[in-house]
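Quick note, the sequences are listed as chains Z and V, same order.
The working numbering numbers the first residue of the first sequence as 1 and each following residue consecutively.
The working numbering numbers the first residue of the second sequence as 1 and each following residue consecutively.
Certain hints may be false.
Chain Z is nowhere near these chain V residues, computed Cβ spacing over 12 Å in every case [as the list claims (entries may be wrong)]:
hint, residue
1, Arg34
2, Asn42
3, Thr81
4, Phe96
5, Ala106
6, Met125
7, Arg179
8, Ile222
9, Ile242
10, Val244
11, Arg245
12, Glu247
Using C-beta positions, here's what the derived DEER-type ranges look like [what the hints assert, rightly or not]:
hint, chain 1, residue 1, chain 2, residue 2, range
13, V, Arg115, Z, Asn82, 19 to 29 Å
14, V, Val180, Z, Ile20, 55 to 65 Å
15, V, Ala208, Z, Leu154, 31 to 41 Å
16, V, Pro32, Z, Leu12, 50 to 60 Å
17, Z, Ile307, V, Ser129, 47 to 57 Å
18, Z, Thr230, V, Arg115, 55 to 65 Å
19, V, Ala177, Z, Ile20, 51 to 61 Å
20, Z, Asn53, V, Pro118, 13 to 23 Å
Worth flagging that the hints you see were computed from the coordinates, not collected in a lab.
Where a beta carbon is used, it is the ideal one built from N, C-alpha and C, also for glycine.
What follows is the residue order along each chain.
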Amino acid sequence: MTERRLSWLLALALIATLMIGAMIGPYALTPSQIVAVLGGDRSDPQAVTVLWNIRLPRVLAAAVVGAALAAAGAAYQTVFRNPLVSPDILGVSAGAGFGAVLGILLGLPVMAIQILGFVTGLTTVAIVLGLTLALRGTGQVLVMVLCGIAIGALAGAGISLVKLLADPDQQLPAITFWLMGSLAGIKRPDIGAALPALLIGLAPLIALRWRIGLLAMGDDEARAMGIDATRLRLLVIACATLMTAAAVSMAGVIGWIGLMVPHMARLLTGPRFDRLLPASILIGAGFMVLVDTSARSIATIEVPLGILTAVLGAPIFVFLLARGAKSWSE
Amino acid sequence: MERMTPLLSASDLAIGHGGKALFQGIDLRLEPGRVLCLLGPNGAGKTTLFRTLLGLIPPISGRIMLGDDPLSRLSRVQIATRLAHVPQSLTTPFAFTALDIVLMGAAALLGPFSRPGPVEHQQAMIALSRLGIADLAQTEITRLSGGQRQLVLIARALAQEAGVLIMDEPTASLDFANRVQVANAIRQLAVAGTAIILSSHDPDQAAALADDALLLNRSGVIASGSAQEILTAENLSRLYGIPVRRERSTDGRLHFS
Chain Z
1 MTERRLSWLL
11 ALALIATLMI
21 GAMIGPYALT
31 PSQIVAVLGG
41 DRSDPQAVTV
51 LWNIRLPRVL
61 AAAVVGAALA
71 AAGAAYQTVF
81 RNPLVSPDIL
91 GVSAGAGFGA
101 VLGILLGLPV
111 MAIQILGFVT
121 GLTTVAIVLG
131 LTLALRGTGQ
141 VLVMVLCGIA
151 IGALAGAGIS
161 LVKLLADPDQ
171 QLPAITFWLM
181 GSLAGIKRPD
191 IGAALPALLI
201 GLAPLIALRW
211 RIGLLAMGDD
221 EARAMGIDAT
231 RLRLLVIACA
241 TLMTAAAVSM
251 AGVIGWIGLM
261 VPHMARLLTG
271 PRFDRLLPAS
281 ILIGAGFMVL
291 VDTSARSIAT
301 IEVPLGILTA
311 VLGAPIFVFL
321 LARGAKSWSE
Chain V
1 MERMTPLLSA
11 SDLAIGHGGK
21 ALFQGIDLRL
31 EPGRVLCLLG
41 PNGAGKTTLF
51 RTLLGLIPPI
61 SGRIMLGDDP
71 LSRLSRVQIA
81 TRLAHVPQSL
91 TTPFAFTALD
101 IVLMGAAALL
111 GPFSRPGPVE
121 HQQAMIALSR
131 LGIADLAQTE
141 ITRLSGGQRQ
151 LVLIARALAQ
161 EAGVLIMDEP
171 TASLDFANRV
181 QVANAIRQLA
191 VAGTAIILSS
201 HDPDQAAALA
211 DDALLLNRSG
221 VIASGSAQEI
231 LTAENLSRLY
241 GIPVRRERST
251 DGRLHFS
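Work out the full structure: start from the sequences and follow the hints.
Following this line, the structure appears as structure tokens:
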């Protein structure tokens, strides 16, 4: 299948999932209603309100979060030359989680909680990169990952402390829910607020996507082919982290997407990053919309996204391992 | 006789890691179509010398010239258009196709935001054909034999369109048939005008492939010059620290035991 055909197919599949996500809910909409409302038909005020104020923000937020996590995961796996890496390996999720739960503890408004989570997520990775540069020497990637584990553990301890201090009736459930990921509280302005960071992170990845793929060959090889490997890797990490922090501050901690979706995409496109990135974005968006639609419709209460992605993700991941292990293991 | 400007030369070079010199006093020059073999036991520092020549680590002292330009003044892209590296093996965990790998050689020739297009595809296919593996273009590297992977890496270096190839132990991990295949490819490239510097720990191979040789062990440079002249029993005995016998077979080839 050619690259272009695959992109079109995946884009169509994404539109289909967006449609399904917009249809399903307590007030069900039919495809023709959706098309009519999107076309400017205001004859059914209830349908207009449900679609514009509730469904669309929700499905678009899910699509954006899924796309961001999947793109960041594909980028991280390529530059770390490791298919088992997920975008929170350098501690961005733990850091953002710490900021967000601290915001909940302090009783800040929702927007402030998101901003705090975003800032602490970026700060955590900045500390990790700073430490790596300070300790510069042999095996930079390994040092980076180990620093990420250390600083991530520290942020995890901070989260535990906040949970201990939180009011068990009001704050603790909110904290727990946030740490498991949810789009239940998403409003239209939230998407607009996260979009600049997502686009700033995504643009360099797309523009440099072929070159970034060369980092999968290792630093010495990439440099001998004319690539400034150290700088390019730092740029990719910065971009992918920016996207992850924006996604996590919007939707809470959602595991598995960043690890698993790039594997699904790689089965279709092969490992070339210039092909992997667009496919990961489209599959990540569609997958997340389906997961989020299930989260709000399979039970009377909302199921946290992190639980669903793990329940769906673990079996799919094992299936991919069985099918694709030979295509990425030496 | 007027000597032409070598593609790659080093004079009074000292190399090592972290400011500590592993060797000093290395002189070498490489002209178009010549094959220079670095011969020495494992761990002698051949790879360190290669990394220094590629500009991946700085020399402790001495000078490296690419044509008329000092290596230290050239950018990564400029170096890549003159020197191509053929690593000992492919180290990526991902299943790229042979063609994907060869296309990467075009990185230095493309702008930062470009992807390889029809021209680069054509060049990559030509490089694969020159090594006789055009039919493997769409095969994943995980399905190739060691020798075929080595040929893919050489094809990538060709696609880089550099005048000098630096090959780190190109045949070290290969079986007999693959070794012959890769050795033939190296000779053909030299005949076509590419300058090649390769490392080996097999004196028979050095004698068969190389015009010049540089003998290197942990105590430094043992000898350097024309391969036929310096590959003597005495030099090799000093190089490896064991007695070595040299024989010339009826077809004129040198063998060491």
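Each hint, compared with the structure:
1. Arg34: 21 Å, holds
2. Asn42: 19 Å, holds
3. Thr81: At about 7 Å from chain Z, V/Thr81 fails to clear the 12 Å cut-off, so the statement is violated.
4. Phe96: 6 Å, violated
5. Ala106: 9 Å, violated
6. Met125: Fine: 17 Å to the nearest Cβ keeps V/Met125 off the interface.
7. Arg179: 22 Å, holds
8. Ile222: Given that every Cβ of chain Z is farther than 12 Å from that of V/Ile222, nearest at about 27 Å, it holds.
9. Ile242: At about 32 Å from chain Z, V/Ile242 clears the 12 Å cut-off, so the statement holds.
10. Val244: 33 Å, holds
11. Arg245: 38 Å, holds
12. Glu247: Check passes; 38 Å lies beyond 12 Å.
13. V/Arg115 to Z/Asn82: 19 to 29 Å: Holds, at about 24 Å.
14. V/Val180 to Z/Ile20: 55 to 65 Å: About 60 Å separates the Cβ atoms of V/Val180 and Z/Ile20, which means 55 to 65 Å holds.
15. V/Ala208 to Z/Leu154: 31 to 41 Å: Since the Cβ atoms of V/Ala208 and Z/Leu154 sit about 59 Å apart, the hinted range of 31 to 41 Å is violated.
16. V/Pro32 to Z/Leu12: 50 to 60 Å: Taking Cβ atoms as reference, V/Pro32 and Z/Leu12 lie about 54 Å apart, which means the hint holds.
17. Z/Ile307 to V/Ser129: 47 to 57 Å: 54 Å, holds
18. Z/Thr230 to V/Arg115: 55 to 65 Å: 22 Å, violated
19. V/Ala177 to Z/Ile20: 51 to 61 Å: 56 Å, holds
20. Z/Asn53 to V/Pro118: 13 to 23 Å: Violated, at about 49 Å.
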